[in-house]
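Student: So you can see what is in the structure, the chains are spelled out below.
Number of protein chains: 2
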Amino acid sequence: MQYKFILWVVLFSTQLFSQDKPVDYVNPFIGTSNYGTTNPGPIAMRGMVSVSPFNVAGPENVPLEKDSRWLSTPYVHENTFLTGFSHVNLSGVGCPELGVILAMPTTGDLEVDHLKYGSSYSQEKAKVGYYSNTLDKYAIGVEATATTRVGVSKYSFPEGDANILINLGLGLTNEQGASVKVVSPTEIEGVRSVGSFCYYKPEEAYPVYFVARFSKPAAAFGVWKKPTTYKGVEAEWMGYNGQSRIMKGYAKEVVGDSIGAYMRYNFKVPTEVEMKIGVSYVSIENARENLEKETSTRSFDRILEEAQNIWNTHLSKIEVEGGTKDDKVNFYTALYHTLIHPNTLNDYNGEYPKMKTRETLKTEDTRYTVFSLWDTYRNLHQLMSLVYPDQQSDMIKSMLQIYDESGWLPKWELNATETTTMVGDPAGIVIADTYLRGITDFDVEKAYGAMVKSADQLEDNPLRPGLKDYLEKGYLTTKTTNSGSVSSTQEYNISDYAIAQLAKTLGKKSDYKRFSKRSISYRDLLDKEINLLRPKNDDGSWLSPYNPETGANFEMNLGFIEGNAWQYTFMVTHDVKGLMKLMGGEKPFVDRLQDVFDKGQFDMANEPDIAYPYLFNYVPGEERRTQETVANLLNSYFNNSPDGLPGNDDTGTMSAWAVFSMMGIYPVSPANTNYAITAPKFKKVTIHLDPNYYGQEKLVITSNASSENRFIKGVTVSGKPHLSYFIDHQELVNAKTIDFLLEQKELESK
Amino acid sequence: MQYKFILWVVLFSTQLFSQDKPVDYVNPFIGTSNYGTTNPGPIAMRGMVSVSPFNVAGPENVPLEKDSRWLSTPYVHENTFLTGFSHVNLSGVGCPELGVILAMPTTGDLEVDHLKYGSSYSQEKAKVGYYSNTLDKYAIGVEATATTRVGVSKYSFPEGDANILINLGLGLTNEQGASVKVVSPTEIEGVRSVGSFCYYKPEEAYPVYFVARFSKPAAAFGVWKKPTTYKGVEAEWMGYNGQSRIMKGYAKEVVGDSIGAYMRYNFKVPTEVEMKIGVSYVSIENARENLEKETSTRSFDRILEEAQNIWNTHLSKIEVEGGTKDDKVNFYTALYHTLIHPNTLNDYNGEYPKMKTRETLKTEDTRYTVFSLWDTYRNLHQLMSLVYPDQQSDMIKSMLQIYDESGWLPKWELNATETTTMVGDPAGIVIADTYLRGITDFDVEKAYGAMVKSADQLEDNPLRPGLKDYLEKGYLTTKTTNSGSVSSTQEYNISDYAIAQLAKTLGKKSDYKRFSKRSISYRDLLDKEINLLRPKNDDGSWLSPYNPETGANFEMNLGFIEGNAWQYTFMVTHDVKGLMKLMGGEKPFVDRLQDVFDKGQFDMANEPDIAYPYLFNYVPGEERRTQETVANLLNSYFNNSPDGLPGNDDTGTMSAWAVFSMMGIYPVSPANTNYAITAPKFKKVTIHLDPNYYGQEKLVITSNASSENRFIKGVTVSGKPHLSYFIDHQELVNAKTIDFLLEQKELESK
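If you read the protein sequences in the order shown, they are chains C and P. Quick note on UniProt numbering: the first sequence kicks off at 1 and runs consecutively. Quick note on UniProt numbering: the second sequence kicks off at 1 and runs consecutively.
Hints were generated in silico from the structure; no laboratory data involved. Backbone N, C-alpha and C fix where the C-beta goes; we use that ideal spot for every residue, glycine too. One thing to keep in mind: the hints can contain errors.
Derived coverage of chain P by chain C (criterion: at least 3 residues anywhere in the stretch with Cβ under 8 Å from a Cβ of chain C; other residues may be distant) [unchecked claim]:
(1) 172-179
(2) 610-616
Derived Cβ-Cβ restraints for the label pairs, each shown as a range [claimed, not checked]:
(3) Val269(C) / Ser541(P): 53 to 59 Å
(4) Leu115(P) / Ser215(C): 48 to 54 Å
(5) Glu292(P) / Glu472(C): 55 to 61 Å
(6) Pro691(C) / Lys293(P): 48 to 54 Å
(7) Gly242(P) / Glu697(C): 55 to 61 Å
(8) Glu292(P) / Ser215(C): 38 to 44 Å
(9) Asn349(P) / Lys446(C): 56 to 62 Å
(10) Ile530(C) / Gly239(P): 32 to 38 Å
(11) Ser122(P) / Pro465(C): 34 to 40 Å
(12) Thr186(C) / Gly239(P): 40 to 46 Å
(13) Pro691(C) / Gly242(P): 53 to 59 Å
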């Protein structure tokens, strides 16, 4: 295993550092271990399709095997047994889903059992938009790239019998069911059921359609089916009970839970076959159109070049200079991760499925999907607003389409299903934050109405369970919910703060007051005895006995979701001053905040405390704690290696934290346009701004950063001294230049 | 149960005998008990679709429940628990297959588990092209009719909530897998996998496509899916593990093994909904076109009227007068049963699936399917040649299409799959028989080539396993096969006889000699010690010990398929004289033949001995044994009641036996154009001949038949005395009149 990694480093290094385009600094293996749940498969920017090596099935891959444990990625770097390449995949999520439409090249006799045809692999290599390896068992070289909606693979077969399998039985998803048809010796079409994300809402399972085209006509083709194993008397009559069957030359649909199709060749000489798989969530016809429109007759190499060009254009929106090579790899890989999700849902022709019922609708703009908003509202969308405001605008428009279609803003939307994963009402926070940053080309009144609806509607409200108690008591209680009464209260507070801020901007004064008042109701849950949040019971009494540590490591508990009191108490960034006052002032606040880190309660791997490192900035004179903490976290958790993410990337949220932190700014409080400032990692960061949204073409952040110079001595903005450790978004985008003077001075002891 | 039957008799009688059109004499319940495996569902003549009540699922129906035993029919008259109406069904077969695309109307809340939504039923009524009942649980009146490719149902709902379920999980077939999509509030489309007839050849399973249209738009609709039940750790995370899920308003495909779709209504007043289900074996598009072209905007009543008119036109090709009402019911129901299979495979536009691979082909004529030739070569096709020669011609052309597509003539073809059920090489027998009767409008040279191919090709010959031994030794041995060495030898003999006869007609003299010689090789298997056939071992010795009774009641045995020595010894109708000589002359022959009946070895329920009753005609002076035996068998086994068939109808073969026998003629030796003569049941039988094939417009058979006049005193043909108890086909069709003088005289004692 170690060998493989070393080999990869050598290859990667050789290739990578001969050039210095941003695209060349991306290491797609970062996050493929340590539950980062990214995968190294090629994907176009915000693509619907990726081509991920699938190595999580089969006993060889235990303990990181998909059926033996909760595993939410099609690829794990430590694993060794590959059973195909999946064509729709999620990156950086915490629940198993997608990982279907598996293609696998093999040689010799046809074998359709993935446990038998699977292979170890070597010479693994990944770049932006590119992946390759060699399948040891078959001596087949595999290369893959992708357009937005098409996965493109090139298989280099040795001479002799060869097969390309499209396996629709195997998948990471918990759903089953597929249909497949060989259309001709060069085309296969089909449907695969997916859904039940997080083992939830099975009634919203949905189909993904595909068309696969092959550059060489198959000499033979067919389909296979592994039927249900019968029991009882019928089983006695079935010689074939439960066995896979091969249906040679079959030209009609085969439907069922465990099916596939194959193309078969006999090569006189070593031969390359290119395979393109177009995907759609609307129809097979659209999948075919996607394939044709996006790849036409273009070759693998041409498609790869185009994919990398698009990636490079977007990654180049931020140029960094200085720092180590690993810093650049870490930075651009993180930026790359923020440009995967949300991703494109609509087809080339604009069609996409309506929420839940999946009627076909059409959009002019990009309809984005995979809104893991409990994660991304904290920083990813702020990064998009700054660097890719056109994309962020379309994401807001997509949220409003979701509202139009379903009556509700998204919480955790996935391919036109609302998975209702996690807690809170995060969409409105993103909307307000975006609008306040000056991205206003969407129907803000509709958006505002949607936000107020989820904030106020007591009955049948899927976004804010427990709202009645929240409104009446100011908080959810241990009776309202058995999971996260305090967390939900805090989330609702933040959402209400966002509504208030947008209301203020829109001139809705009474709403501003009403929601501002609602936004600080968490205060009743601060137990001043311990200066930590604490659940309250229905009668207003504290939950007792109470252990604030309970809830770490995703342990289920009454007060907090995926965390404990330590990890949540400071998650009121919209009311830091209020919290500070409650805690008894600046010193108790700083002490308690420092305790989180000193007592090992800080969790870099999850979102609630993700802004904590920046909160020292709120106390004049304590800012260097931020600088040191952020630098240490970057060094500890974000590395140029497969385990180089702290845990689930959470559809780019962890990566966005790194991108901001390495640039020296962080959007510390969602729906508040202030960035907290810390020491940048690079000597020069150039952010190319979008003139359609911002008055300046670029922002240049300079510093004398080095491994020693980690602390801020002074900052100038537009050439003038900047005395605050915060900077507002408008000031930032108009600044043209921000210059950091850094020094080595250590953090003074308290 | 008895009550229900009595009720039906009353209803049927009242309706039926007020008119006297042939169509009114058909009782579709005949054969729905006693394993007749017919069903009372409406079907157009040779229709692709029927609408059969489906009452073979659920513990209420044990012991005649589909999963608790071998059961090959969607409907059993004794059963009480109905779970829908299946839209593709086989009639009179011995293996479970089809019985899918189940529709079920219900009221109240949506329930998709057939064990819960199933209902008892009453007021059951069936006529040609029509079925109705009342679902007791819901007080819903159901009526059904059909065109060739469309099932049409009318549901009379009470006021209140109502549902129409399309269940694609449940079915008689052993196959699973389906896809379904609600296209609009008035249309559902889908695919269902079927196949593995007789639990064999699962690799040739195939899809049946459908489109369902509803006369009233649904107020709500959706799909359901019952997923696989997971085991292991994943099961712990699935609150919904194994549970059916309802997907409301869902507008895309759902695929899987146990799925369905529903339309939901709320009726203010009692309301009728008409549902049309178009079917195709090619595509959903074709299913839709079939539906539109065949039913257009026509109402249920209009469609029913047209179906009955077509049936009546064809049933009227034979008019019978005299006899009891039950005689007429038995006759026309039997004739009706012979016009169900073979049935139409091609779509309205002529498209149909190619054998095995299922590529789409197109035909000008009707492409027939369901060729249960081991059964039907004995009499059904002879009946078609006589009365419906245009249909028989198309059946031969269909066999040649099958040959073109697969390289082999059919054995037991089913919806473009060759099930290879039963033994022998029967297609050529039918081809020769048809040609010899003067139906010559097909490519006889191609057909002849196909026949010789299966007779001569030693390797990879799917039609004649054991051919090498057959050619070398003259017979298959107990080493050649463990099942039916003697039977197969006899079947190959008959096929070779058919080739010889056709060769003779085509002027192929050497082939005539060669195959004539081959056709009597069974003679080596007659053990003269017992005057019965007996298996031989590889070394030419007799199988010992040997019990000729072994094999009755479908018991597996070395020598015979579905029978024993008694039931097979006389199945050499092409060489009766030869057999007689071997046995020692006329008397030993008659004695042994009579023994079959006297010792209880005759099996009316299966084909091998089906011609035995007519073999007495070969011995001058013994013909009245034929007359008496046939009359007794008709009385014993063919009755106007659900158990009024001797067993499986075998796609009309048993019924064809009855039709011929009741007319007083029987095609005793396949590929020989002689009919054996017996006493007719009716005073007058008028067969309307097809002028495109025959020189006369009709043949009128008269007699003084009565319950007493059962024996032939004399016969005149075209007004002249006919001294033989056989009549050749050409003489028959040119006769214009055949007049029987019958008398009461008892059979003389031997």
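Student: All hints are to be evaluated individually against the structure, with a verdict given for each.
Tutor: Outcome of the hint check:
1. Counting residues of the region 172-179 of chain P whose beta-carbon sits less than 8 Å from any beta-carbon of chain C gives 6, enough to reach three: the coverage restraint holds.
2. Only residues whose beta carbon comes within less than 8 Å of a beta carbon in chain C count, and the region 610-616 of chain P has 0; fewer than three means the coverage is violated.
3. The beta-carbon spacing between Val269(C) and Ser541(P), approximately 58 Å, falls within the hinted interval of 53 to 59 Å.
4. Checked against the given bound of 48 to 54 Å, the beta carbons of Leu115(P) and Ser215(C), roughly 51 Å apart, stay inside it.
5. Taken as a hint, the range 55 to 61 Å holds for the pair Glu292(P) and Glu472(C), whose Cβ atoms sit roughly 59 Å apart.
6. Checked against the hint of 48 to 54 Å, the pair Pro691(C) and Lys293(P) fails, with Cβ atoms roughly 60 Å apart.
7. Remark: the range hint 55 to 61 Å for Gly242(P) to Glu697(C) is upheld by a beta-carbon distance near 59 Å.
8. For the pair Glu292(P) and Ser215(C), the beta carbons lie near 39 Å from each other, so the given range of 38 to 44 Å is met.
9. Distance hint for Asn349(P) and Lys446(C): a CB-CB separation of about 49 Å, inconsistent with the stated range 56 to 62 Å.
10. Checking the proposed 32 to 38 Å range against Ile530(C) and Gly239(P) shows it holds: the Cβ atoms sit about 36 Å from each other.
11. Checking the proposed 34 to 40 Å range against Ser122(P) and Pro465(C) shows it is violated: the Cβ atoms sit about 49 Å from each other.
12. Between Thr186(C) and Gly239(P) the C-beta distance comes to about 44 Å, which sits within the given range of 40 to 46 Å.
13. Checked against the hint of 53 to 59 Å, the C-beta distance between Pro691(C) and Gly242(P) comes to roughly 57 Å, which is consistent with it.
In summary, the numbered hints that this structure violates are 2, 6, 9 and 11.
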